[in-house]
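Participant: So the sequences go chain by chain: A and B.
At position 28 of the first sequence the residue is numbered 1489 (the numbering used here), and the sequence of numbers has no breaks.
At position 195 of the second sequence the residue is numbered 199 (the numbering used here), and the sequence of numbers has no breaks.
Please keep in mind that the hints were generated in silico from the structure rather than gathered at the bench.
Virtual Cβ for every residue (Gly too), placed ideally from N, Cα, C.
Some hints could be false.
As a list, the in silico EDC-like pairs of lysine to aspartate or glutamate whose alpha-carbon atoms are at most 20 angstroms apart [unchecked claim]:
hint	chain 1	residue 1	chain 2	residue 2
1	B	Lys239	A	Asp1467
2	B	Lys235	A	Asp1467
3	B	Lys245	B	Glu155
4	B	Lys62	B	Glu115
5	B	Lys245	B	Glu229
6	B	Lys235	B	Glu224
Computed from the model, here is a short list of chain B residues facing chain A with C-beta under 10 angstroms [what the hints assert, rightly or not]:
hint	residue
7	Gly161
8	Arg163
9	Arg254
10	Leu430
11	Arg434
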Amino acid sequence: MLAYIDPGTGSLVLQMIAGGVAAAAVTAKLYWRRVKRVFRPRRAEDEGTLS
Amino acid sequence: MHEGAPTADVDSGSFRDPDSRVVRSDGRIFRVLSERGAAEWRTFAASPLFGELVEEGKLIATRETDGLDLGLTGLPSAVDGVLEHDVVPFVSYPYEWTFGMLRDAALLQLELVRRSVEAGLMLKDSSPYNVQFMGARPVFVDVGSFEPLREGEPWAGYRQFCMLFLYPLMLQAWKDVAFQPRLRGAIDGITPAECRNLLSARDLFRRGVLTDVVLHNRLERRYAESTRDVKSELKSAGFRKELIVANVGRLERLVSRLRPPRSHSTWSGYGLTTTYSEEDAERKRRFVDDVVRSESPALVWDVGANEGRHARDAAESASYVVAMDADAVVVDRLYGELAAERTENVLPLVVNVVDPSPGLGWRGLERKPLAERGRPDLTICLALVHHVSISGNVPVAAFLDWLRELGGAVVVEFPTPDDPMVARLLARKREHDHPDYRRDWFEQCLAERFDVLDSLELGGGTRILYRARPR
Chain A
1462 MLAYIDPGTG SLVLQMIAGG VAAAAVTAKL YWRRVKRVFR PRRAEDEGTL
1512 S
Chain B
5 MHEGAPTADV DSGSFRDPDS RVVRSDGRIF RVLSERGAAE WRTFAASPLF
55 GELVEEGKLI ATRETDGLDL GLTGLPSAVD GVLEHDVVPF VSYPYEWTFG
105 MLRDAALLQL ELVRRSVEAG LMLKDSSPYN VQFMGARPVF VDVGSFEPLR
155 EGEPWAGYRQ FCMLFLYPLM LQAWKDVAFQ PRLRGAIDGI TPAECRNLLS
205 ARDLFRRGVL TDVVLHNRLE RRYAESTRDV KSELKSAGFR KELIVANVGR
255 LERLVSRLRP PRSHSTWSGY GLTTTYSEED AERKRRFVDD VVRSESPALV
305 WDVGANEGRH ARDAAESASY VVAMDADAVV VDRLYGELAA ERTENVLPLV
355 VNVVDPSPGL GWRGLERKPL AERGRPDLTI CLALVHHVSI SGNVPVAAFL
405 DWLRELGGAV VVEFPTPDDP MVARLLARKR EHDHPDYRRD WFEQCLAERF
455 DVLDSLELGG GTRILYRARP R
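All chains should be built: construct the whole structure from the sequences, respecting the hints.
Facilitator: Given below as structure tokens:
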């Protein structure tokens, strides 16, 4: 690493782990959106028949 | 040095980054860049981010000079570019800031990292000493910190961010441990191990503690003796800049939720419980206003500013006012008000006048003592001398010596021993502990050092205001 301050080896590894958790959260969010999408079209149809 | 050129001095606090050094010359601030530093600057200056940050007031305004020769000698590498910065009216350090100031500086630092990464840039470091305040507005001053992003590398400044921003804020918010003495005591801040040791079991459930403190400390210990090339390992494992952005976003949420532990202190209600009658308060205000207007000072120090009423008044005629008080809770409240009003010429600072900031760091020159950062043209000392003399045990003559050394005019208030506040302080002492705390002695000492131009008696003669100029 080209840095004039000591970035700390442990501190670098931590960022991978902490970033990994964030990355996992992003994956989970994407997955949750897919689940929601399965239900969304049907709700739209229901509303359409009511009006 | 060239014949006739103004003296140019490399700032004694600017040596850690070899590619970018701050130089003072004739009241102007320059930044001298090495070949690598100049290349990094030109990349940054060409990006839209630079203009945006200056426009938003988040980065100090900076221009590249046209081949200016400062006549510097003794630099190890050739000078490839000279920048000129706008001048910060009064330099301050994190150990003089309030909780809100350090938190706002932390949020600015994080925002700059996030926006830099998104623009293909990065910040080399993460030091609160790179942030200054223009009144109550935090501004990033180290243009030399920006460099092109190297894909696959983590944020080198993360550890420094924790040690100088995050841990000090956490310890203050959760443990009511003031960060100012710790940052003043260690120029690199609080280590992960120290922070871990200061937190208790219940703190483990607080946001960020497991990751940024406990795990961080463990990994630091585990890798302390390691010779592994972690950088390459991370790169091949697929470290991406998105992970930096995610990490910074997480820290932004964490920091913005930290709150100061207390909103009350000894002096936080002083403005309401003052012993003055309304009429006397108004006469005092007019006296001080008249002095400020007739002195028309560039720089005012209000020492013992409390809630900042007189500092704000002074700022209407003076160019810049530094409002100092030892009570961090009171100063933080003032900062909050000034920040909400976007005031840019009143700088609130936590300063204990009987224990002011010394020179610190390498050779005691890296961080300058308070007075060396700008001597006041006018010093306001209201309801202060009895605390310095009776609580702080500083002789009245020594206090006036200090005032005289500052070099400017003064407005100073002397509450006599009959004043209820003074009587309360004296009641805690033995009789004759303060033989010099007398009106006649104060006036004699003042007249030996200053020309007294005017005075005003308040509170039936128990408080006297003096206006004086150095002899």
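Participant: Now look at each hint and say whether the structure bears it out.
Facilitator: Checked hints:
{"no.": "1", "hint": "B:Lys239 to A:Asp1467", "result": "18 angstroms, holds"}
{"no.": "2", "hint": "B:Lys235 to A:Asp1467", "result": "13 angstroms, holds"}
{"no.": "3", "hint": "B:Lys245 to B:Glu155", "result": "7 angstroms, holds"}
{"no.": "4", "hint": "B:Lys62 to B:Glu115", "result": "10 angstroms, holds"}
{"no.": "5", "hint": "B:Lys245 to B:Glu229", "result": "27 angstroms, violated"}
{"no.": "6", "hint": "B:Lys235 to B:Glu224", "result": "15 angstroms, holds"}
{"no.": "7", "hint": "Gly161", "result": "7 angstroms, holds"}
{"no.": "8", "hint": "Arg163", "result": "4 angstroms, holds"}
{"no.": "9", "hint": "Arg254", "result": "6 angstroms, holds"}
{"no.": "10", "hint": "Leu430", "result": "51 angstroms, violated"}
{"no.": "11", "hint": "Arg434", "result": "52 angstroms, violated"}
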